[in-house]
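Numbering of the sequence shown is given in my numbering, commencing with residue 1 and proceeding in unit increments.
A hint or two may mislead.
Unchecked claim - Cut-off 30 Å, straight-line C-alpha distance, at most; resulting in silico cross-link-like pairs (DSSO-like, lysine-lysine): (1) 83 - 59; (2) 142 - 30; (3) 17 - 124; (4) 142 - 124; (5) 83 - 102; (6) 17 - 41; (7) 17 - 54; (8) 122 - 102; (9) 30 - 41; (10) 62 - 41; (11) 122 - 30; (12) 59 - 30; (13) 83 - 54; (14) 41 - 83; (15) 83 - 124.
If you're looking for bench data, these hints aren't it; they were derived computationally from the structure. In this text, all values refer to a predicted model and were calculated from it rather than measured experimentally.
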Amino acid sequence: NQERVVIYFGGEPAEEKIAMQLQRQQLRNKAQSRTSNALDKLRNRVDSGLGVRKIIFSKVRKYLRECFRLSTTDRDALIAFLKSREWIVVLYETDADLRIAKDCQVNVIVISRDSDMPIHTKVKTLWRPIGHATQGNFLVYKILWELPSII
1 NQERVVIYFG
11 GEPAEEKIAM
21 QLQRQQLRNK
31 AQSRTSNALD
41 KLRNRVDSGL
51 GVRKIIFSKV
61 RKYLRECFRL
71 STTDRDALIA
81 FLKSREWIVV
91 LYETDADLRI
101 AKDCQVNVIV
111 ISRDSDMPIH
121 TKVKTLWRPI
131 GHATQGNFLV
141 YKILWELPSI
151 I
């Protein structure tokens, strides 16, 4: 529901994370190449009238999933799309977890893979996605302890 959900995106990576960003871009490029090859193999089998094996579909799905790691350009395009559909979107200049923790209200559920989330005192309920996104599995943390706020 667009009226109750706020989607946060982190801004430019900190200097110490730039190497990781470059590594992710290389992984995206590799995944795109593998996807293209797997799709070519699938197309050739179909065009040749050969049976299509499950392993071919599995590889295509796997490689496609690996392609979906957002680059800065992709992130900006997604933000523009979501805003055009009237979603509430916040782009924070650094790590989004700082802004999420600052904005967090009582009885708000935060959904994040960020491992730093439990240290923010305003975050009381955290859902961490686990496994593949298609499975929809979450670990639910009820954060009961009180730590000094870092914000």
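Evaluated hints:
no. : hint      : verdict
1   : 83 - 59   : violated, 33 Å
2   : 142 - 30  : violated, 39 Å
3   : 17 - 124  : holds, 28 Å
4   : 142 - 124 : holds, 6 Å
5   : 83 - 102  : holds, 22 Å
6   : 17 - 41   : violated, 36 Å
7   : 17 - 54   : violated, 38 Å
8   : 122 - 102 : holds, 7 Å
9   : 30 - 41   : holds, 17 Å
10  : 62 - 41   : holds, 15 Å
11  : 122 - 30  : violated, 40 Å
12  : 59 - 30   : holds, 14 Å
13  : 83 - 54   : violated, 38 Å
14  : 41 - 83   : violated, 38 Å
15  : 83 - 124  : holds, 28 Å
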